[in-house]
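Each protein sequence line maps, in turn, to chains U and W.
For the first sequence, the tail end lands on 307 under the working numbering, and the numbers increase by one without skipping.
For the second sequence, the tail end lands on 309 under the working numbering, and the numbers increase by one without skipping.
Honestly, the hints are just simulated from the structure, not real lab data.
It is possible that some hints are incorrect.
As the list claims (entries may be wrong) - Below, simulated DSSO-like cross-link-like pairs (lysine-lysine); rule was C-alpha separation at most 30 Å, straight line: (1) W:LYS168 to U:LYS137; (2) U:LYS110 to U:LYS52; (3) W:LYS214 to U:LYS13; (4) U:LYS52 to U:LYS11; (5) U:LYS13 to U:LYS81; (6) W:LYS158 to U:LYS307; (7) U:LYS257 to U:LYS110; (8) U:LYS20 to U:LYS110; (9) U:LYS307 to W:LYS168; (10) W:LYS214 to U:LYS306; (11) W:LYS168 to U:LYS20; (12) U:LYS81 to U:LYS52; (13) U:LYS81 to U:LYS162; (14) U:LYS307 to U:LYS248; (15) U:LYS306 to W:LYS168; (16) U:LYS60 to U:LYS268; (17) W:LYS214 to U:LYS60; (18) U:LYS20 to W:LYS214; (19) U:LYS52 to W:LYS168; (20) U:LYS201 to U:LYS150; (21) U:LYS100 to W:LYS168; (22) U:LYS52 to W:LYS158; (23) U:LYS13 to U:LYS224; (24) U:LYS201 to U:LYS81; (25) U:LYS110 to U:LYS306; (26) U:LYS52 to U:LYS307; (27) U:LYS193 to U:LYS110.
On a predicted model such as this, the values are computed, not experimentally measured, just so you know.
The chain contents come next:
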Amino acid sequence: MVRNDAYAGTKAKVQEIDFKIYQDQETAFNDLLAGNLDVQPQIPSSKLSAAKSSLGARMKQTPSSVIYFLTVPSYDPAFKKIEIRQAISMAIDRQQIIDKIFQGAYTNLKAWVSSVVQGARPDTCGDTCAFNPTKAKEMFTAAGGVPGNKIALYYNADGAHKEWVEAVCNQLHNNLGVTCTPSPIPTFADMRKQARAHTLKGLMRGGWSFDYPSIEDYLTPLYKTGASSNDSQYANPTFDSTLANADKAATSADAIKGYQDAEDIIAKDLPTLPMWTKNNIFGISTAMTHVDMDLYANVEPRTLEKK
Amino acid sequence: MFRYVVRRLLQMILVFFGTTFIVYWMMFLGSSDPIQALVGEKPVSESVRAQLTEQYHLDEPFIVRYLIYMSNLLRGDFGTQLNGRSIADILAQAWPYTIRLAVLAMIFVIVFGLTGGIIAGLRQGGVFDNTTLALTLLVIGIPTFVTGYLAQYIFGVKLGVSAWISPKPEDGLWGYVLPALILGALSLATAIRLTRTSVGENLRADYVRTAHSKGLARRRVIGVHLMRNSLIPVITFLGVEMGNLMGGAIVTERIFNIPGVGFQLFNGIRLQDGPTVVAIVSILVVIYLLVNLVVDILYAVLDPRIRYS
């Protein structure tokens, strides 16, 4: 990609950008260390602790719009009771997993929308997202547990999810006394297909990155009845009408208020359990003096600066 | 000899059809929804789906698809991937990288493997022999992806040979030296051990003693009498290895980011793209068969007792 010098607006600062395609992110990281690569937009999680020591200040962290959650199947009678959902959520020590497995690269999430959009509130989840194993166990037992005392947790094996899924399963086993099985599905495409068909009997990992910067994009596609990414098959007429009213709101302040009300309904019904948000964690070479990454996790080409 | 070669070539046609059929069939069984695999997580519109299904005969039964594919292949048409790229173009771009890597690895195997093996075999029990035995055992024991990443980190990052992390076009052959060594390491170690054993055995054979006792120079005994007989098993091994090096490049190419056939094969399997996988595998099979034919003919050159009729 070459700079257009005739461009009338603010010109890019670098002359040319070469995009290098890597088959393996670890190779890219080694190239970054050796100075063959100027920007690696995502440092592989296996290299995070190495990156901290070898890159130092050249390892950067900025917020992104990506959030992660666990989808609870509304179509599976085992998870019908709200107490079961709350208990599962309270039995997970999110901060411990973030510290131990993600090396602090993720941030605890206590809401259903990313903090980067207007109208986001830091904690709409409250006690449900706070780690409380004693209360979790009590509620779980009082609600009668799950059939067979077994929970499956589905994830796609072609992404780096195995470690944290196993950690979550261990926590559910230790804190609720259930047998939790990490259940890999070979590819992401396969998992999406089964998720859309609503055939998975158990929890499933989920993630969302916004398509446009609005609180609405975290609600309509994921929770509206029949929406394309409504994996839980969540259907609540009150939620749908609250959304519809917010869509029609005259001012943006009213709209945001409406969407916040809609989020509160989700917080009561728990079709998904918030887990964490992902930051852009990228590395830059010694030659780079300025690199920005946007909320879509893309490198901003116009503000790049090189010595 | 001529009749032998013709018979072998005719056999190759059968093997070629057999392997393409099996690979195509396996890809067919393994693919759930290639259109979905192409677009990833996004939903596909019905019209796009219908168009692709029609264009690539995705709704036809297996045998019809295989016959359409083979009839195109025999006319020299490799077809296109689901994303519209011509498979012939992709292969024409990828093969030179893999061939360069595999041939360089083969040169290392032949040069270092044979010399090392001969020296170790002639002085069995010596320091060189014991050291190579220990080292080759180590190399055989450690998988390629471990030695690959380790060598990449030590040479590329720590010692600063930047061409050895991911070779760029301007690095030329130099960039391929380390990847080729890693790719060839296992074959190299096996070649050394095989040559060593073979040389050691023949050294004690009657005909070598006879050659010595009739007063031939040591150089002629070793260089001509011993070598010719010792190399027969090694040549067989090298012939098979040439095919393995091409196919085995998939791991090495990934580690060193070389955009060769291994990368395309990996992508083809991931995207459930039968035609690409079959095209690559068929070419690998043809190379394998041809190399084996050459090896069989070489036998006759090395050992005049072997005759083909």
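A quick look at each hint next to the structure:
Proposed proximity of W:LYS168 and U:LYS137 is contradicted: the alpha carbons are some 57 Å apart, above 30 Å. Among the hinted pairs, U:LYS110 with U:LYS52 is consistent with the structure: their alpha-carbon atoms are about 27 Å apart, no more than 30 Å. Between W:LYS214 and U:LYS13 the alpha-carbon distance is near 82 Å, which puts this suggested pair outside the 30 Å criterion. With a C-alpha separation of about 33 Å, the suggested pairing of U:LYS52 with U:LYS11 is violated against the 30 Å cut-off.
The hinted pair formed by U:LYS13 and U:LYS81 fails the criterion: a straight-line CA distance of about 57 Å is larger than 30 Å. Annotation: proposed proximity of W:LYS158 to U:LYS307 holds, straight-line Cα distance about 24 Å (limit 30 Å). Distance check on the hinted pair: U:LYS257 and U:LYS110 sit about 19 Å apart at the alpha-carbon level, within 30 Å; holds. For the proposed pair U:LYS20 and U:LYS110, the alpha carbon gap of about 37 Å is over 30 Å, so the pair is violated.
The suggested pairing of U:LYS307 with W:LYS168 holds, with an alpha-carbon distance near 22 Å, which does not exceed 30 Å. This hinted pair does not check out: W:LYS214 and U:LYS306 have alpha carbons roughly 76 Å apart, beyond 30 Å. Restraint check for W:LYS168 and U:LYS20: the C-alpha separation of about 10 Å stays at or below 30 Å, so the hint holds. Taken as a hint, the U:LYS81 and U:LYS52 pair is broken in the structure, with Cα atoms around 43 Å apart against an allowance of 30 Å.
Taking the CA atoms of U:LYS81 and U:LYS162, the gap is near 28 Å; set against the 30 Å cutoff, the hint holds. With a C-alpha separation of about 50 Å, the suggested pair U:LYS307 and U:LYS248 falls outside the 30 Å cut-off, and the hint is violated. Distance restraint check for U:LYS306 and W:LYS168: the Cα-Cα separation of roughly 21 Å lies within the 30 Å cut-off, and the hinted pair is therefore satisfied. Distance check on the hinted pair: U:LYS60 and U:LYS268 sit about 36 Å apart at the alpha-carbon level, beyond 30 Å; violated.
Distance check on the hinted pair: W:LYS214 and U:LYS60 sit about 78 Å apart at the alpha-carbon level, beyond 30 Å; violated. Distance hint between U:LYS20 and W:LYS214 is unfulfilled; the C-alpha atoms sit about 66 Å from each other, more than 30 Å. Among the hinted pairs, U:LYS52 with W:LYS168 is consistent with the structure: their alpha-carbon atoms are about 27 Å apart, no more than 30 Å. At most 30 Å may separate the alpha-carbon atoms for a hinted pair to count; U:LYS201 and U:LYS150 meet this at roughly 11 Å.
For the hint pairing U:LYS100 with W:LYS168, the CA-to-CA distance comes to about 37 Å; that exceeds 30 Å, so the pair is violated. The suggested pairing of U:LYS52 with W:LYS158 holds, with an alpha-carbon distance near 17 Å, which does not exceed 30 Å. A threshold of 30 Å between alpha carbons decides the hint, and for U:LYS13 with U:LYS224 the separation of about 44 Å lies outside it, so the pair is violated. Distance hint between U:LYS201 and U:LYS81 is fulfilled; the C-alpha atoms sit about 15 Å from each other, no more than 30 Å.
Distance restraint check for U:LYS110 and U:LYS306: the Cα-Cα separation of roughly 38 Å exceeds the 30 Å cut-off, and the hinted pair is therefore not satisfied. At roughly 23 Å between alpha-carbon atoms, U:LYS52 and U:LYS307 fall within 30 Å of each other, so this suggested pair holds. Taking the CA atoms of U:LYS193 and U:LYS110, the gap is about 28 Å. The hint holds against a cut of 30 Å.
In this structure, the hints that do not hold are numbers 1, 3, 4, 5, 8, 10, 12, 14, 16, 17, 18, 21, 23, 25, in rising order.
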